[in-house]
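Trainee: Those sequence lines, one after another, are chains C and B. For the record, in the first sequence the residue sitting at position 152 is 152 according to the working numbering, with numbers rising by one throughout. For the record, in the second sequence the residue sitting at position 284 is 284 according to the working numbering, with numbers rising by one throughout.
Mixed in with the good hints there might be a few duds.
Below, in silico cross-link-like pairs of lysine to any residue (SDA-like), each with a Cα-Cα straight-line distance of 20 Å or less [as the list claims (entries may be wrong)]: (1) C:Lys-36 x B:Arg-144; (2) B:Lys-137 x C:Pro-39; (3) B:Lys-135 x C:Ser-37; (4) B:Lys-228 x B:Gly-218; (5) C:Lys-170 x B:Leu-28; (6) C:Lys-170 x B:Leu-324; (7) B:Lys-228 x B:Gly-177; (8) B:Lys-228 x B:Ser-168; (9) B:Lys-135 x B:Leu-119; (10) C:Lys-203 x C:Gly-138.
Just some of the chain C residues that point at chain B, by a computed CB distance under 8 Å [as the list claims (entries may be wrong)]: (11) Ser-154; (12) Pro-156; (13) Val-159; (14) Ala-163; (15) Gly-287.
If you want the footprint, here are the derived chain B segments under chain C, 3+ residues with CB under 8 Å [unchecked claim]: (16) 139-153; (17) 163-170; (18) 300-310; (19) 318-327; (20) 334-345.
Calculated directly from the structure, the hints in this document are not laboratory data. Bear in mind that the values here come from a model prediction, so they are computed numbers and not experimental data. Here a beta-carbon is modelled for each residue, glycine too, at the ideal position from N, C-alpha and C.
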Amino acid sequence: MGVVTVNRPKSIWRFDAEGWRRRLREYRLLLRLLMKSPPAAVGLIIVLGYVAILIYDQFFVAQNDVMIPNFNDTLPRAPFWWPGGTAAGGWFGTTNNGIDLGDAMLKAIRIDLMYSSFVVLFGALVGCVIGVVAGYRGGLFDEVLMRATDVTYSIPFLVFVIAAAFAFGKRDFLTINAILLALWWPTYARLVRAQTLSVKELKFVEAARAAGASDGRIMLKHVLPNTLAPVFVQISLDLGVVTQIFAALNFIGFNAGNLFIPELGNLIVVGDTAGFTSFPWTVIMPGLVLLIFTVAVNLFGDGLRDVLDPRARR
Amino acid sequence: MRLILYVVRRLLILVPTLLGVTLITFALSHAPGPNLAIAVYCTPRLGACNIDNPLLKPVVDQFHLRDPLPVQYIYYMLGLLQGDWGYTTSAVGGGMPVTQAITIFFPQTIELAITSTVLATLIGIPTGTISALRKDKLSDHATRIFALVGYSIPFFWLGLLLQIVAISLFPEWEITGGYSLTAMDPARQPWAFIDVGGNPILFSQPTHFLVLDAVVHGSWSVFFDALKHLVLPTITLTIGVLGVILRMVRSGMVDSMNQDYVKTAWSKGLPDWVVTRIHIRRNALLPAVTVIGLLFAGLLGGVVLVEDVFAWKGIGYWATQAVLQFDPGGVMGTTLIFAIFLVLINLFADVMYAYLDPRISL
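Here chain C stands alone, though its shape is the one from the complex (with noise of 0.2 Å):
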């Protein structure tokens, strides 16, 4: 009688040095692609530049959260490149009580991307874990979950967060952002939840299980990676929505009543209440940082949706 060997599967923990380099390949594969269409390729630049500006701002500026003003010198100044502007606005002027709309708006960019990706990324987490459970267990789980994902898409978004944000009768980033976070994940939920319903009848998942794969192993290693590609457009396209739901609040009057928190919807606020007639550009410069970077999101995502689908890849 010969020997039987049975390949163990191996801890799902253990590093995969073979997977990640084919991986790293894939990437690049992507990458050279988005490059090829131009519109992509400049929202990639885009929002690479953004991030960048976090970075600057995390690192190297000192007071990056906190507008500074200048009481001696409260009426906004025009950026000298506008008609009756002067030098001693700069390069974006200044708006109400002083502050350096340049400086304010470079930090108003960390602040908003920090708390928009962190809303994002941990959504996507927290669904894609919750959605592939769901789609391949089925059962209860399931059902509860989709009629849960049914209410919350019931209640219009910001509606959602403005009541639950008076519920808690707090209004700062950190409940804003846990009620954010607490309504993004049924998106995700759902559409990993799609995906795992076809990928679990596929050939290689009955393989794994033939081969004696656990349930939390198959669902880790085998269904998840191939349900993610939506995932990713889904996630550079949310950037652009929940930065602006994010501003959108701030400016309505979520923004804990501070009104020296660099925040782009705060800074539009704060034009405003300048009076944005007479100091147009007090309005039209933030809102404009916060159109480019959604534009720019876009831009990344639609591109990143085409070559993804493999369709696409010729």
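Chain C is fixed; fit chain B onto it per the hints.
Mentor: Chain B alone, transformed into the frame defined by chain C:
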């Protein structure tokens, strides 16, 4: 018959969803604990602010604060079903019952939502069609850039920008607030106002849409004034919605243009307009119907911001004011009415889809 069964089934699925929504609004209104309800009635003269205070017994009894939470929820649901949604205390609500405030504020929101959706659809479908037919031409690129900016632009910022432009072009226009007091007067236009606790609040009869009612009553100064106020909020919402519609129509058209039956139709020598309208566009618009629900969710979120920017006295304005002025009845009422509205829109979209596409299995 199968369609009716489908509608009934969908209505049954609605029940747990709406129950979930009421559960959430109940949880939100009770999250601060029973002391919130008491705090409203509490003064230092009454003594300690808790449910054991004998002077607060009527309040505790009325709101069933001693009962366990599930029992309180049942009382809450019974109240909702009997039309007792509580009272709104914020300044815009003026102490009205929530249900009455909804009848006053909701038509304003609907007016904005309907005008902008209709306008966006009327512009979006033809433009999207042309854009897809001239794929990769200059006009296509222009449309795509417009759509991209449209769905990326923050509603509140766009509203402010339009205000800047409008004020610099027409300085004499009064553009926020929904109507201007110079054109409207409770004495001269009694049909447009309702008296709430001595304050006249805009509530026009009989359709509740000020623009239409002004025509009905033949007062043209009010009509033009209302129209002037409607323009900017509508444009703001339209640009956002238009971006989504353009994108949807264009990608749907491009997808269905590559189908085999379209090639067959072309090679049969059918006229251009027959192929584009009947073969391509009919099929391209089908998936668009399913997105109506999502579109409306975004639109209602946008309405909140646009109403805030233009001081348009609708549900969204009431909701933000309710939060800022600590008005529990207002917050719960607006959340619930938004949810019910959105759920019904989603139901309508699903039924429309099932009706339009005979292939779908009911």
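Trainee: If a hint holds in the structure, say so; if it does not, say that too.
Mentor: A quick look at each hint next to the structure:
For a cut-off of 20 Å, the pair hint linking C:Lys-36 to B:Arg-144 stands: about 19 Å separates their Cα positions. Our distance criterion of 20 Å between C-alpha atoms is met by B:Lys-137 and C:Pro-39, whose separation comes to about 16 Å. Distance hint between B:Lys-135 and C:Ser-37 is fulfilled; the C-alpha atoms sit about 16 Å from each other, no more than 20 Å. Of the pairs offered as hints, the one joining B:Lys-228 and B:Gly-218 holds, with about 17 Å between alpha carbons and a cut-off of 20 Å not exceeded.
Of the supplied pair hints, the one linking C:Lys-170 and B:Leu-28 holds, its CA atoms being roughly 13 Å apart against a limit of 20 Å. Pair hint C:Lys-170 plus B:Leu-324 holds up; C-alpha atoms about 11 Å apart against a cutoff of 20 Å. For the suggested pair B:Lys-228 and B:Gly-177, the alpha carbons sit about 11 Å apart, so the restraint of at most 20 Å is met. At most 20 Å may separate the alpha-carbon atoms for a hinted pair to count; B:Lys-228 and B:Ser-168 meet this at roughly 15 Å.
Between B:Lys-135 and B:Leu-119, the direct Cα distance comes to roughly 24 Å. Violation of the 20 Å bound is thereby established for this hinted pair. For the suggested pair C:Lys-203 and C:Gly-138, the alpha carbons sit about 19 Å apart, so the restraint of at most 20 Å is met. The beta carbon of C:Ser-154 is positioned within 8 Å of a beta carbon in chain B (closest approach about 5 Å), and the interface hint is therefore held. Of the supplied interface hints, the one on C:Pro-156 holds, with its beta-carbon coming within about 4 Å of a beta-carbon of chain B, less than 8 Å.
The interface hint given for C:Val-159 is met, as the beta carbon of that residue sits about 5 Å from the closest beta carbon of chain B, less than 8 Å. Residue-level restraint check for C:Ala-163 holds (minimum Cβ-Cβ distance to chain B is 4 Å; threshold 8 Å). At a threshold of 8 Å, the smallest CB-CB gap from C:Gly-287 to chain B is about 4 Å, leaving the interface hint in force. Coverage of a stretch by a chain is defined here by at least three residues with a beta carbon nearer than 8 Å to that chain's beta carbons; for the stretch 139-153 of chain B and chain C the count is 5, and the condition holds.
Against chain C, the stretch 163-170 of chain B contributes 4 residues with a C-beta closer than 8 Å to a partner C-beta. That satisfies the three-residue criterion, and the hint holds. With 5 residues carrying a beta carbon less than 8 Å from a beta carbon of chain C, the stretch 300-310 of chain B meets the three-residue requirement, and the given coverage holds. Counting residues of the stretch 318-327 of chain B whose beta-carbon sits less than 8 Å from any beta-carbon of chain C gives 6, enough to reach three: the coverage restraint holds. For the stretch 334-345 of chain B, the stated coverage by chain C is satisfied: 6 residues place a CB nearer than 8 Å to a CB of that chain, which reaches the threshold of 3.
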